[in-house]
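If you read the protein sequences in the order shown, they are chains A, B and C. Last residue of the first sequence: 293 in our numbering, with the numbers rising by one and none dropped. Last residue of the second sequence: 488 in our numbering, with the numbers rising by one and none dropped. Last residue of the third sequence: 317 in our numbering, with the numbers rising by one and none dropped.
These are calculated hints, taken from the structure and not from any lab test. Model, not experiment: these values are computed from the prediction. Using N, Cα and C, we set each Cβ at its ideal position, and we do this for glycine too. Some hints could be false.
To give a feel for the contact side, a few chain C residues facing chain B, derived at Cβ under 10 Å [said to hold, decoys possible]:
id: 1; residue: Gly34
id: 2; residue: Ile35
id: 3; residue: Thr51
id: 4; residue: Lys245
id: 5; residue: Lys272
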Amino acid sequence: MARVEVLKTYKIYIGGKFPRTESGRFYSPKIGGKSLGNICLSSRKDFKNAVVAARSAFGSWSNATAYNRTQVLYRIAEMLEGRKAQFIEEIILQGSSKSEANKEVEASIDRIIYYAGWCDKYGQLFSSVNPVASSHFNFTVPEPTGVVSIFAPEENSLVGLVSTIIPVIASGNTCVVLASEKMPLCAITFAEVINSSDVPSGVVNILTGKRSELLENMASHMDVNAFLYTGKNKKEMLSVEKLAVDNLKRVRLKNLTNVYSPDHETPYYIEDFLEMKTTWHPIEKIGAEGSGY
Amino acid sequence: MAKKTIKINFDTGWDLAPAVESTSHIQLNEQYDLFIGGKWIKPSSGKYFATINPADETKLAMIAEANSKDVDKAVKAARKAYNTVWSKIPAKERGKYIYRIARLIQEKAREFAVIESLDGGKPIRESRDVDIPLAAAHFFYYAGWADKLDYAFPNRKPQSLGVAGQITPWNFPLLMAAWKIAPALATGNTVVLKPAETTSLTALKLAEVIQEAGLPDGVVNIVTGAGETGAAIVNHNDVNKIAFTGSTGVGKIIQNAIAGTHKKATLELGGKAANIIFEDATLDQAVEGIINGIYFNQGHVCCAGSRLFVQESVYDVVLRKLKDRMESLVVGNPLDKNTDIGAINSKEQLQVINKYLKIGEKEGAKMYQSNCSIPKKGYWCKPTLFTNVSQSNRIVQEEIFGPVLAIQTFRTVAEVVEKANNTPYGLSAGVWTDKGSKLFNMTSQLRAGIIWGNTFNKFDPTSPFGGYKESGFGREGGLHGLKPYLKF
Amino acid sequence: MLPFYLYLTSVRIFMIKVKQKLDFSASPKVDQVGIGDRIDRIIARSIKNKTKIQGLKMALNMVDLTTLEGADTDKKVIQLCNKAIHLHDGHPNLPTVAAVCVYPNFVKMAKACLLGSGINVASVATAFPSGQSSLKIKLLDTKIAVDAGAEEVDMVISRGKFHEGNYTFVFDEIAAIKEACGSSRLKVILETGELGTFDKVRRASDIAIEAGADFIKTSTGKISPAATLPVTLVMLEAIKDHYYKTGIQVGMKPAGGISNAKLALQYLMLVKETLGRDWLTNKWFRFGASSLANDLLMQIMKQETGIYQSKDYFSKD
Chain A
1 MARVEVLKTY KIYIGGKFPR TESGRFYSPK IGGKSLGNIC LSSRKDFKNA
51 VVAARSAFGS WSNATAYNRT QVLYRIAEML EGRKAQFIEE IILQGSSKSE
101 ANKEVEASID RIIYYAGWCD KYGQLFSSVN PVASSHFNFT VPEPTGVVSI
151 FAPEENSLVG LVSTIIPVIA SGNTCVVLAS EKMPLCAITF AEVINSSDVP
201 SGVVNILTGK RSELLENMAS HMDVNAFLYT GKNKKEMLSV EKLAVDNLKR
251 VRLKNLTNVY SPDHETPYYI EDFLEMKTTW HPIEKIGAEG SGY
Chain B
1 MAKKTIKINF DTGWDLAPAV ESTSHIQLNE QYDLFIGGKW IKPSSGKYFA
51 TINPADETKL AMIAEANSKD VDKAVKAARK AYNTVWSKIP AKERGKYIYR
101 IARLIQEKAR EFAVIESLDG GKPIRESRDV DIPLAAAHFF YYAGWADKLD
151 YAFPNRKPQS LGVAGQITPW NFPLLMAAWK IAPALATGNT VVLKPAETTS
201 LTALKLAEVI QEAGLPDGVV NIVTGAGETG AAIVNHNDVN KIAFTGSTGV
251 GKIIQNAIAG THKKATLELG GKAANIIFED ATLDQAVEGI INGIYFNQGH
301 VCCAGSRLFV QESVYDVVLR KLKDRMESLV VGNPLDKNTD IGAINSKEQL
351 QVINKYLKIG EKEGAKMYQS NCSIPKKGYW CKPTLFTNVS QSNRIVQEEI
401 FGPVLAIQTF RTVAEVVEKA NNTPYGLSAG VWTDKGSKLF NMTSQLRAGI
451 IWGNTFNKFD PTSPFGGYKE SGFGREGGLH GLKPYLKF
Chain C
1 MLPFYLYLTS VRIFMIKVKQ KLDFSASPKV DQVGIGDRID RIIARSIKNK
51 TKIQGLKMAL NMVDLTTLEG ADTDKKVIQL CNKAIHLHDG HPNLPTVAAV
101 CVYPNFVKMA KACLLGSGIN VASVATAFPS GQSSLKIKLL DTKIAVDAGA
151 EEVDMVISRG KFHEGNYTFV FDEIAAIKEA CGSSRLKVIL ETGELGTFDK
201 VRRASDIAIE AGADFIKTST GKISPAATLP VTLVMLEAIK DHYYKTGIQV
251 GMKPAGGISN AKLALQYLML VKETLGRDWL TNKWFRFGAS SLANDLLMQI
301 MKQETGIYQS KDYFSKD
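If we strip away everything but chain A, and leave its shape as in the complex, we get (with noise of 0.2 Å):
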């Protein structure tokens, strides 16, 4: 008799450990009639769990040193070439072709890589020193904005996720993410990468489930800090915007359909969720000919 395959639980990813979700439901998304899985049916409160996590590993990741942070981000890469297999395998079944599926996972690792290069970088660009007509030094650098919502991509399911998950977390945010409702294999099997790859626990956390049942909670919540939306429904996008109005939510908007192009490496995904701190000091003037003394 042939062996008896042992199928894989899907579970989701939030502080760094992989409950089910809380509310014990799941749902089946098929792909050409063929279901990809019992995947979990995230619940308001899994999402509660999951930002009381971002929020408790801000601190310590968005204090980490940039150069850390480049490692960590690389070392996701390492992991994701390690498991390549596996990602081309979902992808597969997910409805792509091999090669599609080989360009996707190639495409992500890569793209990983170039944020991973920004994160002792970006600074340096969006930083400044300003002239200020007085006797100070004023000069102003980005800090990350918080704890983040992401909307995953419905399309492209792992180099979509990696295109939103990857800017927001190079500068030091932590974030939230609700992965593809139609195919959101590779999202949890990337968490297993991110749990192995030196992400601190609550840096990333991955939920799965649908848009319509989450929304309001992760546009809503007043401990967010921000929301990365991708898609084109309008509706989805106002209510965002609406429900974000609360705590002054920052809103970003994005349209990944076309994901492979360059335009999407960019390090202003990056500077979409950073704040600009400008700091004064004064300089003490005495020495020059008796000047302020």
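Since the structure of chain A is provided, determine the placement of chains B and C on it from the hints.
Positioned in the frame of chain A, the structure of chains B and C alone reads:
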């Protein structure tokens, strides 16, 4: 043996004689219309409202009230100017117009300063030394950017947005107009600006300057009125960008109104800044920083250092020094050159402040006010501080927008960082310590857009200004202040 | 009678107290830009009408009319004393200056000239202006001045020792001179122009005050920069902190470079807003100056007559 209480006697018998700035050289009309398409146009409703001097409650002028029809006219004028002129002329020429505005403000600086103090109640020392020179400097700074945008955003082909709708507050009327108009023009946009209804005069004088500078008609339009006028701008379909400075409450209404419209927004909103004094600070200068932090412009400052945190070991001495310093603050006629604290901007604002003073006392906080005299007529508030407060007090949590300081103590860095960040706001913060490594730790831990280390309430056109969290988003000032008016 | 061991303990406690007192490296720090911000507010004060005339007269009454030249002679000193007595006789009801300040060898002469005028004689001492000499000489120098009748002694601190960090030396020296002064009041010149930073000005102020100075004074007038508003503010704050600590008043004397009335009024405004009423008197505040008196006189006349004045109408000395 009873210990003699040692106290400095500030009742010196050598009092400051009035030194009132002359109003003889200013020109004010009895009535101001709307500045639309380069012309002065009567409001379609025919309605005017009075703008008064908060120091003596006399009427200064009548101001037109713009309704949505007038706003529509203004937006159309701005659109026409954008399409036909402003987007077409070379950037260098655009810059030269802005330089002209800067120069004209400098030439008329004294007139602007006097009107600003008359209309808004701020001391002439501040309007003369801070507001007006900074407004001119702002135009000067951004004028130079007009033909250099490609260097600010290399390889990104920055493009103007179109028509910018701008709404300014009453605390720095001309300066805020400059913060809005200068970068908008430099980046090639045209403008519809609404000043706050209690302080429209300097914006209207700025309209005269803009006429005198020969700016093409419709590039800058100034419409006056209250909240409804502002709402008409925000809701106008043909406005591409909203820039607002004001309360967080109104900021949220605006953000809600423009949801789904793809209008770009910059919001500069409220604050409740922590000003933190460590035991190793230069205490006398820190006290001066506290004074500048909370009593500058009657405390009508969104980035005011309204939450003071003093390390316990120096609490008594800081409080003593602070109270001594408060004794020499002069409250009174805004036009007197010796006035440190002028009139509260409006009756409504005075009521808000008084409400908070009552709340503070009711919640068990201890109120202290300096022994200064205040005029009988007009709206006034003595410099005030509250002790015996904690983060849970409303006067600590909510923005009062007046000369009211709430003082708390702390023991450790970790404690004060947590308390300082324990607010929905994140506009500014101050840190006082003579130890560099501690200062840099603090400046990076505090979640606020502007951090003043060993100084407070400093402003400069080259220095980006704007908040974290509910204090808003987008930056005004500096290179970073260009971006909100551009698309790529 | 204390048992011997208790006596020893009390001595030790006393020594510890003195040592604590002498930890001047813990003097408060000063930020120069912040001091500048405060001074900007003082300079922005508009002093007009009766405030001005009152201030001018107050300032005149605080002047230490000074001559400290190598070329000073008896006759020069006599001329200066005459000027002190007859400031501007055409105008009645003028206050007198506070003192005439000379070298020790002219004290006797000045004393005789000023007899009955109520104007004090102040003498510099302690190897003025450099202070580079032995304590023995400095004490003798002081004694000569005091014996000759100087009511006030203006000493200089040992800046070299101060820069070496030998604060105990500086402290002890001031204390010794103070003792030698007897009932004469001691002004301690820090020579701020040689100290280099505000932190050091503050530290030197604390040392002088703790060692018993009746006044602290900015400068000899021989070094640039001499008195400035910022430096004076730093010293006033030291006086204030000490007053709050002990209830003891210490006076302040900016000296050198204060030659016009407007600047003098700014100094007074600084005193008014820092130390208040009790210091706005020549018992606790002085100007060390030579040409200031005449400018004050000219401004007083301008205020009273409404007519701008010329130097030709005010006697030089």
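Mind checking the CB of glycine 34/C against every CB in chain B and telling me if the closest is under 10 Å? holds, 3 Å
Once the shortest beta carbon distance from lysine 245/C to chain B is found, is it less than 10 Å? holds, 8 Å
Holds or violated: lysine 272/C as interface residue toward chain B, Cβ cutoff 10 Å? Since the shortest Cβ distance to chain B is 5 Å, the answer is holds.
Isoleucine 35/C was flagged as interface toward chain B. Is the shortest Cβ-Cβ separation under 10 Å? At about 6 Å, which falls below the 10 Å cut-off, the nearest Cβ of chain B leaves the hint on isoleucine 35/C intact, so it holds.
Would the hint on threonine 51/C stand, with a C-beta cut-off of 10 Å toward chain B? holds, 4 Å
The structure meets every hint from the earlier list without exception.
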